[in-house]
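Novice: Starting from the structure of chain C, add chain Z where the hints point.
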Amino acid sequence: MDAFLRTWLEWPSVAAFISAHSWVWPLCETFHFFGIILLIGGVGMFDLRVLGMARGLQPETLKRFIPGGVYGFTLCVVTGVIFVTGMRANVPMSPYDVIRTDVWLQLKLLFIAFAGLNLLAFYATGMSRAVDALRPGEDAPGLAKVIAGASLFLWLGVIYFGRLIPEALG
Amino acid sequence: MWELLEAIENTGFATWVREAPTVLAYSTVLAFHTFGMAFLVGLSGMIALRALGFARALPLAPMGKFFPLIFVGFWVNAATGIVLTMLAARSLFSNPDFYVKLAAIAGAIVSLRMLRAGLFGHDAPPDTGPVPLKTRIVAVSMLVFWAVAVTAGRFTAYSPYVRKQSALAVLIAAFLMLLGRHVAARLFGRASLSASAEHRAERPALQRG
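These protein sequence lines are chains C and Z, in that order. So for the first sequence, the numbering used here puts the first residue at 1; every next one is plus one. So for the second sequence, the numbering used here puts the first residue at 171; every next one is plus one.
Quick caveat, the hints were computed from the structure, so don't treat them as lab data. Model, not experiment: these values are computed from the prediction. Using N, Cα and C, we set each Cβ at its ideal position, and we do this for glycine too. None of the hints are false.
Covered by chain Z, according to a simulated footprint, are these stretches of chain C (three or more residues, beta-carbon under 8 Å): (1) 26 to 36; (2) 42 to 56; (3) 62 to 72; (4) 150 to 161.
Using 27 Å as the maximum straight-line C-alpha spacing, the simulated DSSO-like pairs for lysine-lysine come out as follows: (5) Z:Lys-235 / C:Lys-63; (6) Z:Lys-235 / Z:Lys-304; (7) C:Lys-145 / C:Lys-63; (8) Z:Lys-235 / C:Lys-145.
Over the 10 Å line for every Cβ pair with chain C, so calculated as not near, a few chain Z residues: (9) Glu-173; (10) Leu-174; (11) Leu-175; (12) Glu-189; (13) Ala-248; (14) Met-256; (15) Ala-259; (16) Pro-296; (17) Pro-300; (18) Leu-349.
Bound-form chain C, shown alone (with noise of 0.2 Å):
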């Protein structure tokens, strides 16, 4: 299994094409931090209206723009595999060292595990529909604005684990 990771992970060509191209890596972290802001802006709009911010917004309208917090979110998610897969362009770690022994990014990858659950709690617990169904100026239940609450609070910490990474790399 050791081995097995340890070869999977890491992909000597995306690694080399990053050497290779100078502005491989600025142009990824340009769109991982284009990534970020859709994903706060749209995902996190919807959290605060359900949190009770903007009260006047009907949560259901307010879903237009979750697609283009779930497109940041990809953006996030495959310029985040170029950069830990093409790793020892900028560190001499094989990927699956540094997935290994880098705190923050694990703490990372736990936290948007986390925000899926979270997701998933969503629906399942009935909270989606009733959040569907509230009209312009109603206040959703508690058990939604946990969830919103939590939302929040998880994505913001994978932004936080995501700028500590560097820090374990030394």
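Specialist: Quick look at chain Z alone, frame taken from chain C:
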């Protein structure tokens, strides 16, 4: 001037933030700079997209309620930005890229204030009605200024040559993505993909309401 910048870099505070062996110093300031960006650019960007015709069913007036949080994002970034500038004052103030970033932020803030006046001021458009051309132009200029500011912010650490190559790469990638989105909207006609398709889809609903 150079001596002043050097003195700023060598203050006890700047030295501590830069060199303290804790994640609560430099990395945390950097993370808060990212939080501020996400709220400032994310929320104002969504309002600009609404002005441009996305999610037209959203009433405009309540969206103005996000402005306090947008301003919190701005002030968090002004504060953390000053701290981060203190840590490397000499290299930043001799870096043309840094001036591009500052100018783009100034342009974005002017645009944001004009957008706010156009959407939520005295002669605000009706809630689901069309947004005047002038306000839509301001919305586009704000989005472009933010994109330049964020990109320039990412690029400060690189050499001028890498910066030039990367700027071209960002432009090409952004163009290809917008083109791809346009083609996908044409092919599938999905309401969520295209502002104009959405507009067509929503017209009957508006007439009913």
